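Each chain, letter by letter, is given below.
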Amino acid sequence: MNNESLKSSVWVAQLIFIQRSIRHSIRNTDAMIMAIALPILLMLLFTYVFGGAIDPSGNYVTYVVPGTILLCAGFGSSSVAVDVAQDMTNGIIDRFRTMSVRSLDVINGHVVASVLRNLLATTLVIGVALLIGFRTEASFLQWLGAIGIITLFIFTFTWLFAAIGMMASGPSAAGGYGFVLLFLPYLSSAFVPTNTMPGWLRGIADHQPITPITETIRSLLNDSPLHTNGWWSLGWCGGLLLVAFVLSAWSFQRKSGRR
Amino acid sequence: MHLTRYAIDVHGLSKSFNGTRVLKQIDFSVSSGSIFALLGPNGAGKTTIIHILSTLLNADAGSVFIDGHDVSASKEEVKQLISLTGQYAAVDELLTAQENLIMMGRLFGLKAVVAKQRALTLLQQFDLVDAAHKTVRTFSGGMRRRLDLAVSIIVKKPILFLDEPTTGLDTVSRRALWAMICALKAQGTTIFLTTQYLEEADQLADHIAFISNGRIVAQGTADELKAQINQDIIELRNEHNEMLQEIPTDGTIQQLKQRIDELIDHVPAQTRIRIRRPSMDDVFLSVTDRRKEEINHEQ
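Line order of the protein sequences matches chains A and B.
Here the first sequence is numbered in our numbering, starting from 1 and rising by one per residue.
Here the second sequence is numbered in our numbering, starting from 260 and rising by one per residue.
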């Protein structure tokens with residue numbers, strides 16, 4: 001009876017969970033449509049409705065695209081909070097735990113699927129941006145750098161949302177807490193330069209992760225000076241990833257003890 | 260290592276949450292290849308026990324041996340021996356029945372081809388062939404539970420934990436699930452299940468333990484438990500066969516005659532009378548009443 005007592009290898013388990021989460025993404029059509037349509041609508045809104053007032057020269061689209069990409073990526077990764085919270089609250093995680101499956105693999109599956117999903121959405125957003133007049137003279141290497149930093153941003157924010165999903169009491173709470181992070185791009189240089197803001201707000205806007213990341217993408221795509229923004233971006237992402245890992249591990253320990 | 264090889268052997272198990280004692284000195288053992296039912300109301304501590312036995316939760320005190328392995332010391336060995344079906348059908352809503360089965364099979368370490376074959380067999384066995392390629396979110400409660408059970412035996416484990424396997428199901432689905440659980444026992448699996456339905460424990464289990472407020476208040480086979488409350492019951496029904504009264508007796512001819520003599524002047528002449536053995540409900544009520552009295556005495 002005992003001869004079937006096997007265990008899947010770590011890599012097989014990891015691939016199975018990535019496949020599971022990708023299937024979730026594809027079948028969760030509502031979330032998928034929202035994740036792609038909303039950023040595009042926002043970009044059209046900013047370019048055509050607000051753009052004329054913000055920059056009458058008509059070049060606002062060039063300014064706003066990096067910020068829109070981040071807004072899109074942030075929004076797209078936020079659904080991970082709900083996915084993770086759902087796994088944590090329905091019985092499936094208990095079953096996985098009695099199967100020698102590492103919970104980290106389950107979360108990793110969601111994270112990888114989210115990065116892939118968001119890169120797809122980002123590609124579409126850039127496509128639409130080019131259609132409505134976004135122009136760039138970025139070299140191949142600059143493009144590569146921009147894509148790299150966008151991917152790192154998606155990865156970081158996905159992990160943050162995953163941590164929120166682990167800590168929240170349930171899927172709807174996770175959705176609520178996640179919303180706070182989505183507000184960050186508006187309080188940054190994503191849509192207007194921070195020097196147009198009142199002093200106190202500018203202090204906040206200049207010292208939060210979205211501003212240096214936006215500026216880094218902007219410098220790479222618009223070929224403007226990078227200053228120290230690149231380093232700040234890497235630092236922010238590294239720090240936030242660390243926070244997300246620690247929070248996930250901590251809340252997992254806490255939850256596994258009391259269920 | 261334990262000498263008596265019970266599939267499950269529990270001694271003095273206790274657990275508190277935030278200062279509230281939810282399990283108090285629980286003792287029981289489950290013979291290999293039998294069905295053991297832990298019967299009790301919501302909040303009695305059934306799920307906590309299942310979580311401790313299945314390595315999800317650590318006990319505060321007491322010992323738990325699964326097939327001779329100490330759960331607190333050898334979690335990984337224990338995990339190889341058990342399979343858990345949680346209280347809510349723990350299947351993936353967005354995957355199809357077949358994908359769920361294959362995924363779990365692969366996670367248990369089956370090769371892709373073997374997992375698929377096994378999935379197809381189980382879909383047939385659990386009457387889910389038509390639903391094989393539908394996502395689980397479209398399933399009825401009964402289908403979900405059947406898939407849940409199928410998933411938990413995709414790789415045969417010697418010991419199966421079922422936490423309220425039929426809660427919320429209609430009678431037909433419940434009976435179908437009972438038949439499947441009995442079939443698993445026939446193949447040699449030890450089954451530990453929790454339930455709040457007396458009938459379920461009566462029908463399925465070789466051994467039953469009543470749990471109430473974190474304490475086991477009675478245990479034994481169904482017949483032993485029924486014999487334990489040494490009483491027969493007089494049922495009075497009117498001419499429409501509606502129940503009027505149930506009167507316990509100690510089963511002696513003397514008391515039976517006395518009760519009937521008392522009744523004869525107080526009930527209509529057409530009243531029907533029947534004397535029956537106690538049911539599980541009677542046992543349960545008597546045990547919980549006795550328990551309440553004990554608690555009152557303690558205070």
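Since the hints were derived computationally from the structure, they do not count as laboratory data.
Be a bit skeptical, because a hint or two may be false.
Unchecked claim - Restraint-style ranges between C-beta atoms, simulated for each label pair:
hint, chain 1, residue 1, chain 2, residue 2, range
1, B, 396, A, 37, 15 to 25 Å
2, B, 292, A, 11, 46 to 56 Å
3, B, 455, A, 119, 19 to 29 Å
4, B, 391, A, 204, 39 to 49 Å
5, B, 429, A, 180, 24 to 34 Å
6, B, 277, A, 12, 31 to 41 Å
7, B, 458, A, 243, 51 to 61 Å
8, B, 386, A, 11, 54 to 64 Å
9, B, 441, A, 11, 31 to 41 Å
10, B, 536, A, 15, 54 to 64 Å
11, B, 389, A, 58, 54 to 64 Å
12, B, 396, A, 200, 29 to 39 Å
13, A, 253, B, 510, 22 to 32 Å
14, B, 391, A, 119, 31 to 41 Å
Stated by the list, open to error - Which chain A residues stay away from chain B? Per the calculated CB distances, all over 10 Å, these:
hint, residue
15, 91
16, 176
17, 180
18, 239
As the list claims (entries may be wrong) - If you only want the chain A side, here are some residues facing chain B, beta carbon under 8 Å, derived:
hint, residue
19, 95
20, 97
21, 99
None of these values were measured; they are calculated from a predicted model.
Idealized CB from N, CA, C, for every residue including glycine.
Evaluation of the provided hints:
no. : hint                      : in the structure
1   : B:396 x A:37: 15 to 25 Å  : holds, 23 Å
2   : B:292 x A:11: 46 to 56 Å  : violated, 36 Å
3   : B:455 x A:119: 19 to 29 Å : violated, 49 Å
4   : B:391 x A:204: 39 to 49 Å : violated, 54 Å
5   : B:429 x A:180: 24 to 34 Å : violated, 44 Å
6   : B:277 x A:12: 31 to 41 Å  : holds, 39 Å
7   : B:458 x A:243: 51 to 61 Å : holds, 53 Å
8   : B:386 x A:11: 54 to 64 Å  : violated, 35 Å
9   : B:441 x A:11: 31 to 41 Å  : holds, 39 Å
10  : B:536 x A:15: 54 to 64 Å  : holds, 58 Å
11  : B:389 x A:58: 54 to 64 Å  : holds, 59 Å
12  : B:396 x A:200: 29 to 39 Å : violated, 48 Å
13  : A:253 x B:510: 22 to 32 Å : violated, 56 Å
14  : B:391 x A:119: 31 to 41 Å : holds, 32 Å
15  : 91                        : violated, 3 Å
16  : 176                       : holds, 21 Å
17  : 180                       : holds, 27 Å
18  : 239                       : holds, 33 Å
19  : 95                        : holds, 5 Å
20  : 97                        : holds, 6 Å
21  : 99                        : holds, 6 Å
Checked against the numbered hints above, the structure breaks hints 2, 3, 4, 5, 8, 12, 13 and 15 and satisfies the rest.
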